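A.B. asks: If you want the building blocks of each chain, they are given just below.
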Amino acid sequence: MAHALVYIELSGQRPREASLEALGVARRLATRLGATLYAALPMGPTAGTPEALIDELSHGGADRVVLLSTAQHNGPPSWVTCGAALAAACDRLLPRLVVAAATHAGRDIAPRLATRLKALYVPEAALVEIDRNVGRAVGVERPTAGGGVRRVHPDLVVRPVVLTVAPGSYAPTVADDEAEVLPIAVPERPSGAAPLVAEVQDTADPDAGIDTAQVLVVAGASVGSAGLQSTAELAMSLGGELAVTAAACEAGLAPSGRALGPGRPVHPRLLIRCGVDDETAALAPTSGALTATVVALEGRAETASVRLAGHALVGDTGEVTQTLTSALRGVAR
Amino acid sequence: VNASGLRVVVLVRGAAELPIGACESSALAWGLNLVRGRAAGGTVTTISVGDAEEAAAARALAVGADRVIHVVDVAARTLDYRPVAELLASVVRREQPDLVLCGERSSDEALGIIGPAVAELEGLSHVTGAVDLALPDAADAVPDALDVTQRRDGHLTVLRMRLPLLVTVSGIGASPATLASAPRGAIERIALATLTAERPGWVATPAIPELAADRQPVLLHADAAALLASLRDERLL
Numbered sequence: 001m002a003h004a005l006v007y008i009e010l011s012g013q014r015p016r017e018a019s020l021e022a023l024g025v026a027r028r029l030a031t032r033l034g035a036t037l038y039a040a041l042p043m044g045p046t047a048g049t050p051e052a053l054i055d056e057l058s059h060g061g062a063d064r065v066v067l068l069s070t071a072q073h074n075g076p077p078s079w080v081t082c083g084a085a086l087a088a089a090c091d092r093l094l095p096r097l098v099v100a101a102a103t104h105a106g107r108d109i110a111p112r113l114a115t116r117l118k119a120l121y122v123p124e125a126a127l128v129e130i131d132r133n134v135g136r137a138v139g140v141e142r143p144t145a146g147g148g149v150r151r152v153h154p155d156l157v158v159r160p161v162v163l164t165v166a167p168g169s170y171a172p173t174v175a176d177d178e179a180e181v182l183p184i185a186v187p188e189r190p191s192g193a194a195p196l197v198a199e200v201q202d203t204a205d206p207d208a209g210i211d212t213a214q215v216l217v218v219a220g221a222s223v224g225s226a227g228l229q230s231t232a233e234l235a236m237s238l239g240g241e242l243a244v245t246a247a248a249c250e251a252g253l254a255p256s257g258r259a260l261g262p263g264r265p266v267h268p269r270l271l272i273r274c275g276v277d278d279e280t281a282a283l284a285p286t287s288g289a290l291t292a293t294v295v296a297l298e299g300r301a302e303t304a305s306v307r308l309a310g311h312a313l314v315g316d317t318g319e320v321t322q323t324l325t326s327a328l329r330g331v332a333r
Numbered sequence: 334v335n336a337s338g339l340r341v342v343v344l345v346r347g348a349a350e351l352p353i354g355a356c357e358s359s360a361l362a363w364g365l366n367l368v369r370g371r372a373a374g375g376t377v378t379t380i381s382v383g384d385a386e387e388a389a390a391a392r393a394l395a396v397g398a399d400r401v402i403h404v405v406d407v408a409a410r411t412l413d414y415r416p417v418a419e420l421l422a423s424v425v426r427r428e429q430p431d432l433v434l435c436g437e438r439s440s441d442e443a444l445g446i447i448g449p450a451v452a453e454l455e456g457l458s459h460v461t462g463a464v465d466l467a468l469p470d471a472a473d474a475v476p477d478a479l480d481v482t483q484r485r486d487g488h489l490t491v492l493r494m495r496l497p498l499l500v501t502v503s504g505i506g507a508s509p510a511t512l513a514s515a516p517r518g519a520i521e522r523i524a525l526a527t528l529t530a531e532r533p534g535w536v537a538t539p540a541i542p543e544l545a546a547d548r549q550p551v552l553l554h555a556d557a558a559a560l561l562a563s564l565r566d567e568r569l570l
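Each protein sequence line maps, in turn, to chains A and B.
Heads up: the first sequence at position 52 corresponds to 52 in our numbering, and the numbers run straight through without jumps.
If you count the second sequence from 1, you need to add 333 to reach our numbering.
Hints are not guaranteed to be accurate.
[Unchecked claim] In silico EDC-like cross-links for lysine to aspartate or glutamate, where the CA-CA straight-line distance does not exceed 16 Å:
(1) K118(A) x D155(A)
(2) K118(A) x E531(B)
(3) K118(A) x D91(A)
(4) K118(A) x D413(B)
It is worth saying that the hints were derived from the structure and are not from the lab.
Quick caveat: nothing in here was measured; it's all calculated off a predicted structure.
Isolated chain A, as found in the complex (with noise of 0.2 Å):
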């Protein structure tokens, strides 16, 4: 029988919710594929056996749930710290599917278990679904860089598959069954050997409310200083966040925690781009292609930004920027 794996991230001693949510999309899947589903949980050498993260995974779908103990568990989850011990399971069950959710550790590990597996690597995976008229592939949007999508449709027998996917995409599974517990043993590094030496500063990120915001409205750097008051101004009126593109950051007008660009995940339900045009970089797979609705307030219609959003107003940016935040504030009122 195949298997299917799923990474397990905690925070504190509970799985993250990005987690059960992958466990979720991977449940559903292993069901129609005849699949096992391991829940795959590194931790510490000390924590003994998790009774209670054991059954909110069993709930969570899970048929058997792989302890993988490991004195390398030290430090912020990521493949330095978790990798041997999911190298290990994967070794040991060699699974046609794995899924993480795309949080950071995720986009971290899934690449090199890809790797490791010789698998297909399909990133922010999106529309999981069972081929109906093959039964052993995968149906999968992936975005890709400008703001397209990809479909792809994999076949697990013929290839392993590891996806990520975006937090909040899926809803977690129910279940009743209580799940097995396997414990895996995993090879230790000799002493002096980790790579990780020390975690030598940790320090709250003024600018972290993008990365979790459900509305953002990203400036691009055609808004110009006083556009990007009025882009501040309706991203206050909608409750969310204001980011900027990397050309808006660099033409000064935003510090750089506030960019967005390839390599920072965020996952917004409203994504509200002022000013874009064509700014590639700033349409990339990171930026909520998939999970977000996006709508473009450009100054002209023939835009990548406009091509590729869901809704479009078409003006000029300051003073639409405007009359939204005014409408809003006068139902606010």
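Fit chain B to the supplied structure of chain A, relying on the hints for placement.
C.D. replies: Same frame as chain A, now just chain B:
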């Protein structure tokens, strides 16, 4: 890190029709910054795989890389990530660098897999999504380490990592200004056959076909009121 200084390798895309991406530019800038800012100096070598026109290689040379290695493979853009990573890993093995840098995401495929794949193939540790890189002060106890700053889960976290190491660099954030300097060398070409001879079993696996997905045409609204009404209908406001 040996007496001749820090040896940094930067992986860049090699397709002639593509400009060097934001993440790759940032990786190259950080590599130059680390080496030039270090008393012991060092070298920055770029490695690219692509067609013979070598646009990315030439660009890397222009912005100050000490050496520019280009693997000539006209089919590179049609290949799966793995054979490309295997070619890059072969050159990395030849160079034996202290630090390998690459972009977090390419400006076309945006998979974010090449860096971790090269690390896996060469048995290197890796860190992704760096927004800042710094060499620890010499007075610090750990030699041959690199401080890597990541933006993750509401925090700016600095990890002190042991070299050798592969780091993928985010294209956003305060990458150092590219240091203007004259080209220091010529493009060193490696024929594909030379590397594949070193990797028995290398197969030019093509990338799995992908289709452009259907998408709804954009809804152009006449005015702000119509837009807001539509967003309310979708329960987005």
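A.B. asks: All the hints need checking, so say for each whether the structure fits it.
C.D. replies: Hints and how they fare:
Straight-line distance between C-alpha atoms of K118(A) and D155(A) comes to about 14 Å, which keeps the hinted pair within the 16 Å bound. Proximity of K118(A) to E531(B) is assessed by CA-CA distance (about 19 Å); at most 16 Å being required, the pair is judged violated. With a CA separation close to 12 Å, the supplied pair K118(A) and D91(A) stays within the 16 Å bound. Restraint check for K118(A) and D413(B): the C-alpha separation of about 10 Å stays at or below 16 Å, so the hint holds.
When each numbered hint is compared with the structure, a violation occurs for hint 2 only.
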